[in-house]
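Given only the sequences and the hints, what does the whole structure look like? Please build it.
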Amino acid sequence: MADILFNFFFLSILILVQSFFLNALGFYDILLVWIFYYYMVSEDKVRVFLLCIFAGYLKDSLSGGVFGVYLSSYLWFFLIIRVSSFYLNLNNHIFITLFGIAGVVINGFFLFVSNYEYFLGSVFFEEIFSLYLRELIYCFFSFLILFYLFNRVRELILMVKADIQSKLAKLSRI
Amino acid sequence: MFSKKKFIQLVVIVFLLINIAALIAAGRGGGKIQGFGAFGLDLFGPVEHVLSKITGSVEKIWMNYFSLVRLSSENNELLEEIKQFHSKETLYKEVVLENERLRRLLKFSKKIKPEYIAAEVVGRDSVKWFNTIIINRGKDSGVDLNCPVIVPEGVVGQVIKVSRNYSKVLLITDRMSGVDCLVQVSRGRGVVSGTGSEICIFKYILRKFDIQVGDNVVTSGMDGIFPKGLRVGEVTRVSKKDSGIFQDVDVKPFVDFEKLEEVLIILNLPDERKDG
Chain A
1 MADILFNFFF
11 LSILILVQSF
21 FLNALGFYDI
31 LLVWIFYYYM
41 VSEDKVRVFL
51 LCIFAGYLKD
61 SLSGGVFGVY
71 LSSYLWFFLI
81 IRVSSFYLNL
91 NNHIFITLFG
101 IAGVVINGFF
111 LFVSNYEYFL
121 GSVFFEEIFS
131 LYLRELIYCF
141 FSFLILFYLF
151 NRVRELILMV
161 KADIQSKLAK
171 LSRI
Chain B
1 MFSKKKFIQL
11 VVIVFLLINI
21 AALIAAGRGG
31 GKIQGFGAFG
41 LDLFGPVEHV
51 LSKITGSVEK
61 IWMNYFSLVR
71 LSSENNELLE
81 EIKQFHSKET
91 LYKEVVLENE
101 RLRRLLKFSK
111 KIKPEYIAAE
121 VVGRDSVKWF
131 NTIIINRGKD
141 SGVDLNCPVI
151 VPEGVVGQVI
161 KVSRNYSKVL
171 LITDRMSGVD
181 CLVQVSRGRG
191 VVSGTGSEIC
201 IFKYILRKFD
211 IQVGDNVVTS
221 GMDGIFPKGL
231 RVGEVTRVSK
241 KDSGIFQDVD
251 VKPFVDFEKL
261 EEVLIILNLP
271 DERKDG
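Chains as they are written, first to last, in this note's numbering: chain A, 1 to 174; chain B, 1 to 276.
Note that these hints are calculated values from the structure, not bench results. Incorrect hints may appear among the rest.
To be verified - Facing chain B, a subset of chain A residues (Cβ under 8 Å, in silico):
| id | residue |
| --- | --- |
| 1 | Asn23 |
| 2 | Lys59 |
| 3 | Ser63 |
| 4 | Val66 |
| 5 | Phe95 |
| 6 | Val113 |
Keep in mind that this is a model prediction, so the values were computed, not measured. Glycine included, C-beta positions come from ideal geometry on N, C-alpha and C.
Here's what the structure looks like:
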């Protein structure tokens, strides 16, 4: 239950950070980093699958695009990580970055598919393409950094949690 | 017939194709899946509301500090502006009365007074490809799809998704937005479309119209959504190519979308919209 609540608030905060700060910089979807990170640290992969559904639903509900774009992106991203993990050791700096790029590509693909008529005939096609390229470049340079940043945040939370638990245990002995 | 590996590959391909087809279908329908998406909006709207309030408060404290610095000079400027507005108001009242008299004389139909409802902006689009905002009014307050959303400065956008207590508004700066407009002076008509940035483009405006930088652009009321005469923006660039029947015109909206906090939603249909 604590894990579900944590994910709910953490994802909400990530979406808020993305909406208010990162979108203005043309940043890619940082929820992809969290999904990949959570897959790597979670023992129970079903939880990651559920996280993808939840994150996709949350993102689709709060975005102005076609409903289902993010749900599809995250589920296919999860599927690709899952299948690849049988053949590759994903805990490798190169693979982490490559999977980040794969996530951005999947995201872009579904976004394009849902609005293909609009994008193809758009006068903004070049602009949209350059924005997308910028996302890929950002991803190449920052996916790994964010991955380790999330790791640090999780370690800190676990430390605080252990500290509280030990204090509670001491109190209950008294 | 198939090996297990081949079968799995086939299933994955079929699922991918179904997924793509479903998204294309949803996209063609305008992405307006009301029930499922609307439920999500109701579920996550309050969380977004609380979190954006916290962010907003921090931002306000920061901005208030800076605004204190230039308060005195701004106050003098505003006092000057008020004086000018007083004289303009008298003129405006005269024109309104004259207009009413003339309408009665010509037996024009009575204009429906727009019914407004105020709403608070509780969130922004989580995806940079779209320019939308979330407001804390929904079906329970009488909001419906396509309701125009405005602020005193001008047009904000239109409602594209409604849940019980929240609505999503497509801003006029979004690439998919289009508002039928007029240039106030020359009466040249066209469509103001968003570009994803703070500048909109005025499409399909014939080159025969004399448009100047600084001209005001207002809604024409011909799109069946926005009532006639709402302020949209100001012309910032005009360019006429050697050939072609249209001219290129850029419009800067009067509304500062970054600072939007409260908006007004027009609930009833004025006569122009009904006619449209």
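- Query: Under the criterion of a CB-CB separation shorter than 8 Å, is Lys59 (chain A) in contact with chain B as hinted?
  - Reply: Hint holds; Lys59 (chain A) Cβ to chain B Cβ min 6 Å, cut 8 Å.
- Interface restraint verdict for Val113 (chain A) against chain B (beta-carbon cut-off 8 Å): Given a least distance of 5 Å, the restraint on Val113 (chain A) holds.
- Message: Hint Val66 (chain A) vs chain B: min CB-CB distance below 8 Å?
- Response: 4 Å, holds
- Query: Is the hint on Ser63 (chain A) kept, meaning its closest Cβ partner in chain B is under 8 Å away?
  - Reply: 4 Å, holds
- Item | Hint validity - Phe95 (chain A) Cβ closer than 8 Å to any chain B Cβ | 21 Å, violated
- Can the hint on Asn23 (chain A) be confirmed by a CB-to-CB distance to chain B that is less than 8 Å? 4 Å, holds
Violated hints amount to a single one, hint 5; each of the other numbered hints is respected by the structure.
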